[in-house]
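> For reference, the chains in residue letters:
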Amino acid sequence: MSHKICQLTDRSGNAIRSIMMNRKTTGLISGVALGLSAVLAGCVQVSAPDKPIVINLNINIKQEVVYRLDGDAKDLINSEAEIF
Amino acid sequence: MFEFIRKNKAAAIVGGLALTAIVATPVMAQRDPAYAAARASGAIGEKPDGYLGYVSSPSASVKAMVEDLNIKRKAAYTRKAQETNSTVEQFAFTSGCNLIMRTVAGEKYQAPNGSWQTRTSAAPTRDSRCP
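Protein sequences appear in the order of chains A and B.
Take 1 as the starting number for the first sequence in my numbering and just add one per residue.
Take 1 as the starting number for the second sequence in my numbering and just add one per residue.
Hints may contain errors.
To give an idea of the interface, some chain A residues facing chain B are shown, with a C-beta separation under 10 Å as derived from the structure [claimed, not checked]:
#  : residue
1  : Gly42
2  : Val46
3  : Ser47
4  : Asp50
5  : Lys62
6  : Tyr67
7  : Arg68
8  : Glu80
9  : Glu82
10 : Ile83
No more than 30 Å apart at the CA atoms, straight line, and that leaves these computed lysine-lysine pairs for BS3-like [said to hold, decoys possible]:
#  : chain 1 : residue 1 : chain 2 : residue 2
11 : A       : Lys62     : A       : Lys51
12 : A       : Lys62     : A       : Lys74
13 : A       : Lys74     : B       : Lys74
14 : B       : Lys63     : B       : Lys74
15 : A       : Lys51     : B       : Lys63
16 : B       : Lys74     : A       : Lys62
17 : A       : Lys51     : B       : Lys74
18 : A       : Lys74     : B       : Lys72
Computed far set for chain B versus chain A, every beta-carbon distance over 12 Å [stated by the list, open to error]:
#  : residue
19 : Ser61
20 : Ala76
21 : Ala81
22 : Ser86
23 : Thr94
24 : Ala105
25 : Ala111
26 : Asn113
27 : Thr120
28 : Ser121
29 : Pro124
Bear in mind the hints are in silico, worked out from the structure with no lab data behind them.
For each residue, glycine too, the CB sits at the ideal point set by N, CA and C.
With the hints as extra help, turn the sequences into a complete structure.
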């Protein structure tokens, strides 16, 4: 029964995790899921997705703000009716 | 006798004017007639961002009028944004929600997808953030 230590590096976070793996199990899983290279290397390569996870910060008008301003907007429209 | 009739006539005219003013007050009273006409004809409409837009390519006079109104709107939004500690865009957008809601049947408004719609008695299609 041989064990191998694999280091998995998460590209974006640089988090390094060490795991103990049974080679037989690794081979079986890798062969099915990841192909021959993974079997030979005995390591599972995990890489971050190419496309970054984008959080759209352009949405600067949030619903809560709209609700807060609603009364003031109504007041303005009523008080300056000639331009609305 | 003539004096009496004349007085009564004057009173009636004054009364009539007052009544007209009261009846017409709600929305249309303070709008410039040219602006009201452009709205009613569907040449211009309300946009979700709180400003007026052209539904069809505008005449020079309509263009000048809309630009003037939008400048005045922006000034008003800017002032109110400062008062409410918000951004001009936020205040303008909130106003846009209300202005689209206040369009009357036959007037034009812009839906969130950018298409111009004609207001009917049904509720207008507005941004999901509108109250």
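> Compare the structure with each hint and give your call.
Here is what the structure says about each hint:
1. Gly42: 51 Å, violated
2. Val46: 37 Å, violated
3. Ser47: 36 Å, violated
4. Asp50: With Cβ-Cβ at 31 Å, over 10 Å, it is violated.
5. Lys62: 7 Å, holds
6. Tyr67: 5 Å, holds
7. Arg68: 8 Å, holds
8. Glu80: 6 Å, holds
9. Glu82: Because about 4 Å separates Glu82(A) from the closest Cβ in chain B, which is inside the 10 Å limit, the hint holds.
10. Ile83: For Ile83(A), the interface hint holds, since the closest Cβ of chain B sits about 5 Å away, which is under 10 Å.
11. Lys62(A) with Lys51(A): Holds, because 26 Å separates the two Cα atoms, which is no more than 30 Å.
12. Lys62(A) with Lys74(A): OK: Lys62(A) and Lys74(A) at ~18 Å, within 30 Å.
13. Lys74(A) with Lys74(B): 15 Å, holds
14. Lys63(B) with Lys74(B): 16 Å, holds
15. Lys51(A) with Lys63(B): Violated - the C-alpha atoms of Lys63(B) and Lys51(A) are around 44 Å apart, more than 30 Å.
16. Lys74(B) with Lys62(A): Since the Cα atoms of Lys74(B) and Lys62(A) sit roughly 20 Å apart, the hinted pair holds (cutoff 30 Å).
17. Lys51(A) with Lys74(B): 39 Å, violated
18. Lys74(A) with Lys72(B): Distance ~16 Å between Lys74(A) and Lys72(B) Cα, so the pair holds.
19. Ser61: Since the minimum Cβ distance to chain A is about 17 Å, Ser61(B) lies beyond 12 Å and the statement holds.
20. Ala76: Given a closest Cβ separation of 6 Å, the condition is violated.
21. Ala81: 9 Å, violated
22. Ser86: Given that some Cβ of chain A is not farther than 12 Å from that of Ser86(B), nearest at about 6 Å, it is violated.
23. Thr94: Incorrect as stated: the minimum Cβ-Cβ distance to chain A is 4 Å, not above 12 Å.
24. Ala105: 18 Å, holds
25. Ala111: 17 Å, holds
26. Asn113: 17 Å, holds
27. Thr120: 21 Å, holds
28. Ser121: 21 Å, holds
29. Pro124: 15 Å, holds
Violation of the numbered hints given earlier is confined to hints 1, 2, 3, 4, 15, 17, 20, 21, 22, 23; the remaining hints are satisfied by the structure.
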